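Residue numbers (the working numbering), protein chains in the order written: chain R, 1 to 116; chain A, 1001 to 1112.
Be careful, since some hints might not be right.
Unchecked claim - Once the Cα atoms are required to be at most 30 Å apart in a straight line, the calculated DSS-like pairs of lysine-lysine come out as:
id: 1; chain 1: R; residue 1: K14; chain 2: A; residue 2: K1002
id: 2; chain 1: A; residue 1: K1079; chain 2: R; residue 2: K64
id: 3; chain 1: R; residue 1: K64; chain 2: A; residue 2: K1002
id: 4; chain 1: A; residue 1: K1099; chain 2: R; residue 2: K41
id: 5; chain 1: A; residue 1: K1107; chain 2: R; residue 2: K55
id: 6; chain 1: A; residue 1: K1002; chain 2: A; residue 2: K1099
id: 7; chain 1: A; residue 1: K1107; chain 2: R; residue 2: K14
id: 8; chain 1: A; residue 1: K1099; chain 2: R; residue 2: K55
id: 9; chain 1: R; residue 1: K64; chain 2: R; residue 2: K14
id: 10; chain 1: A; residue 1: K1099; chain 2: A; residue 2: K1042
id: 11; chain 1: A; residue 1: K1099; chain 2: R; residue 2: K64
id: 12; chain 1: R; residue 1: K66; chain 2: A; residue 2: K1079
id: 13; chain 1: R; residue 1: K14; chain 2: A; residue 2: K1099
id: 14; chain 1: A; residue 1: K1042; chain 2: R; residue 2: K14
id: 15; chain 1: R; residue 1: K20; chain 2: R; residue 2: K64
id: 16; chain 1: A; residue 1: K1099; chain 2: R; residue 2: K66
id: 17; chain 1: R; residue 1: K66; chain 2: A; residue 2: K1045
id: 18; chain 1: A; residue 1: K1079; chain 2: R; residue 2: K20
id: 19; chain 1: A; residue 1: K1107; chain 2: A; residue 2: K1002
id: 20; chain 1: R; residue 1: K64; chain 2: R; residue 2: K41
id: 21; chain 1: R; residue 1: K20; chain 2: A; residue 2: K1042
Since the hints were made in silico from the structure, they are not lab data.
Note that the coordinates shown come from a computational prediction; the quantities given were computed from them, not determined experimentally.
What follows is the residue order along each chain.
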Amino acid sequence: GAVVSQHPSRVICKSGTSVKIECRSLDFQATTMFWYRQFPKQSLMLMATSNEGSKATYEQGVEKDKFLINHASLTLSTLTVTSAHPEDSSFYICSAVRDRGPYEQYFGPGTRLTVT
Amino acid sequence: RKEVEQDPGPFNVPEGATVAFNCTYSNSASQSFFWYRQDCRKEPKLLMSVYSSGNEDGRFTAQLNRASQYISLLIRDSKLSDSATYLCVVTIHSGGYQKVTFGTGTKLQVIP
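Full structure from sequences and hints, please.
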């Protein structure tokens, strides 16, 4: 299957700092990428849809100024958690959708963020 | 009503059993359908796409019923390694953009 990478896989940061997470589709172009968050024993929650060359679309309740998304190329999207707080600690997963049908979505391995 | 609904389970089945999951969706404009599996503390992995004609991959069979707006996943001869959460995913494509909606997942536990 297609490969999507995420970096870093784990990060621990102090409260008030910012963390950038990268999502790359390694063997296909992806106009659309998605960012999800998953808390323990809960389902995936879509945070935002990232479209190459345009502004991201955020889901209700997700602060766009706190979670900055940049989709600079057809293979790279970044999520920056600004001024992180302990409640931002979570598993962040990105996914990329092929530009051509059947539009399967491939997930990165996730980034486990811990804010102390 | 949620856009995509699944029975959360858990489904506890013995090894070798056949188990079926259903997923209903509310938006009739939905175009693409998938089943993913997610193991604990891991990312979801694509299990199979779902086509109107139905498709089979080994022990797994997926069906789509557009008229009733549901998709199903059948697992035959369950293995211990099938224990996971199974996610139903529905996608709409429009003007180069995609709207993807996940079900909350159905947890399967296969017991020896």
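Outcome of the hint check:
1. K14/R x K1002/A: violated, 37 Å
2. K1079/A x K64/R: The given pair, whose Cα atoms are some 43 Å apart, is violated under the 30 Å limit.
3. K64/R x K1002/A: holds, 24 Å
4. K1099/A x K41/R: At roughly 24 Å apart (the allowed maximum being 30 Å), K41/R and K1099/A satisfy the hint.
5. K1107/A x K55/R: violated, 35 Å
6. K1002/A x K1099/A: Holds - the C-alpha atoms of K1099/A and K1002/A are around 15 Å apart, at most 30 Å.
7. K1107/A x K14/R: violated, 34 Å
8. K1099/A x K55/R: holds, 15 Å
9. K64/R x K14/R: holds, 21 Å
10. K1099/A x K1042/A: At roughly 23 Å apart (the allowed maximum being 30 Å), K1042/A and K1099/A satisfy the hint.
11. K1099/A x K64/R: holds, 18 Å
12. K66/R x K1079/A: violated, 43 Å
13. K14/R x K1099/A: violated, 34 Å
14. K1042/A x K14/R: Status holds; Cα separation ~24 Å.
15. K20/R x K64/R: This hinted pair holds, its Cα atoms lying about 14 Å apart.
16. K1099/A x K66/R: Holds: K1099/A and K66/R sit about 22 Å apart, inside 30 Å.
17. K66/R x K1045/A: Within the cut-off at roughly 28 Å; holds.
18. K1079/A x K20/R: Not OK: K1079/A and K20/R at ~39 Å, beyond 30 Å, violated.
19. K1107/A x K1002/A: Within the cut-off at roughly 18 Å; holds.
20. K64/R x K41/R: The given pair, whose Cα atoms are some 25 Å apart, holds under the 30 Å limit.
21. K20/R x K1042/A: holds, 20 Å
The structure fails to meet hints 1, 2, 5, 7, 12, 13, 18 from the earlier list, while all remaining hints are met.
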